[in-house]
Amino acid sequence: MEIKSNSFKSNIFNSKGQAAITDALYFLIIIVGLCSFMFVFSVNYGNLLDERLKQLNEQEFIGSALKTIIYSSTERGTQSDYLLAKLKEDYYNNDSFSDSNVLLAKNIRGIMREIEASHDYLFYISYSSDKEILTFPLVILHLNLKANETSPVTSNFYNCLITDSASLNKFLRDAGNVKPSNAQLLLKPREGNLIQANASLIVWPSTNPDASTNKLADLNCTAVQFS
Amino acid sequence: MISKKFILKTNSRGFIGPIGDDLPSLIPIIFGLTMFFAVLTFSFTSFDVKNQLMNFHLEVFGLSTSFKASSYIAGTSNFEKSCLNFAGKEFNSVIGLTEIKLDPAAAPVFLNDLRNPNPPYYKDSLGAELSCKFKTASPTQNSDLKIPDSFSTQFYAIYFYPVAFEENGLVKPMYLVVVAWK
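These protein sequences, in sequence, are chains H and R. Position 45 of the first sequence, counted from 1, bears residue number 45 in our numbering, the numbering being contiguous throughout. Position 66 of the second sequence, counted from 1, bears residue number 66 in our numbering, the numbering being contiguous throughout.
FYI, nobody ran anything at the bench for these hints, they're computed from the structure. Check each hint, because a few of them may be wrong.
Straight-line Cα separation of at most 20 angstroms, EDC-like style, residue types lysine to aspartate or glutamate; simulated pairs [claimed, not checked]:
(1) Lys188/H x Asp130/H
(2) Lys182/R x Asp81/H
(3) Lys54/H x Asp22/R
(4) Lys146/H x Asp130/H
(5) Lys101/R x Asp81/H
(6) Lys50/R x Asp50/H
(7) Lys101/R x Glu116/H
(8) Lys86/H x Glu59/R
(9) Lys106/H x Asp103/R
(10) Lys50/R x Glu51/H
(11) Lys172/R x Asp95/H
(12) Lys106/H x Glu59/R
When you get a sec, could you build the whole thing from the sequences and use the hints?
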């Protein structure tokens with residue numbers, strides 16, 4: 001009986017090394033897990049803030065671009081005047097922006113030139129009529145498109161005739177990650193009261209330059225002729 | 001009858017002392033601890049660098065947006081006054097206005113190469129270049145400061161925004177370009 005007991009104790013004591021290595025392996029597994037977590041965390045640390053800063057910067061750029069478009073001057077004979085004043089005068093005379101839209105498109109193109117290779121954008125003036133239906137007297141659209149698979153991507157400008165906001169909403173929904181900026185302005189038609197209008201600039205990354213998808217189907221667009 | 005001494009001797013086969021017996025288990029422990037401290041050091045260094053980088057970017061971004069404010073710069077004197085926000089900061093900075101050409105055929109100012117922004121800065125009606133340059137911690141302008149051809153550090157920031165610049169009653173579209181580096 002005594003011999004059996006001694007043998008048992010002796011076995012237990014002599015298995016100590018085996019238990020220790022198992023413990024060490026468990027320890028190693030925990031350390032590897034902890035290290036992986038720490039490594040992944042430290043590599044990704046700050047990425048969210050970077051992304052947020054990028055978005056803020058883009059938003060600042062778009063807001064600045066819209067203000068610059070509105071504040072800019074233009075030549076009027078031998079003198080200069082605000083571009084916005086010319087737009088308002090054009091609207092008063094013609095109930096449209098037919099005389100000033102090319103000038104405005106030139107201005108927008110110059111201001112947005114630095115990002116036009118990578119971004120598409122839409123500038124429009126809209127107001128709400130008596131029946132609460134949005135009217136779009138001016139729509140200028142820039143799209144990077146390529147005619148076919150092998151041709152290079154080119155920058156294209158359009159004047160569009162949008163008759164209902166649903167088609168615009170659908171177009172913007174398809175465009176993806178859009179960033180808008182808005183400014184209010186007053187328009188005076190020849191007949192009637194002052195109109196509280198909205199100038200908007202919407203920018204998004206041009207991801208699909210394939211012209212064959214016919215993105216412009218519902219917008220009634222015609223190419224702007226910069227002469 | 002098996003003696004007690006014989007049983008003990010049999011069970012002690014391979015026993016090389018209290019430390020010698022634990023020697024194989026020390027290898028993964030030491031490996032694990034080395035790995036842990038290496039990753040810990042890497043993480044702390046990475047956190048530190050990223051924190052500094054984020055603070056740098058946030059500071060330059062904040063200064064740039066407060067410089068452009070409402071995107072309307074009323075004359076050279078206002079430009080120079082706003083420049084002083086960058087004086088005495090812990091980084092080099094070059095801030096300038098570059099003209100936007102409205103000609104549809106004109107090329108982009110930066111030619112899509114923002115890593116080396118050296119645009120021609122606008123000169124006002126008196127011939128003064130609309131740019132200001134500050135070396136690290138310098139309270140006054142350092143006109144000899146140049147933007148390096150390439151940045152050897154990750155501590156650099158470039159921001160540009162369209163702004164309207166008023167000069168002699170004419171409002172011109174320009175780019176406000178802010179380049180800062182350590």
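Violated hints, by number in ascending order, as checked against the structure: Checked against the structure, the hints that fail are numbers 2, 3, 4, 8, 11, 12, while the rest are satisfied.
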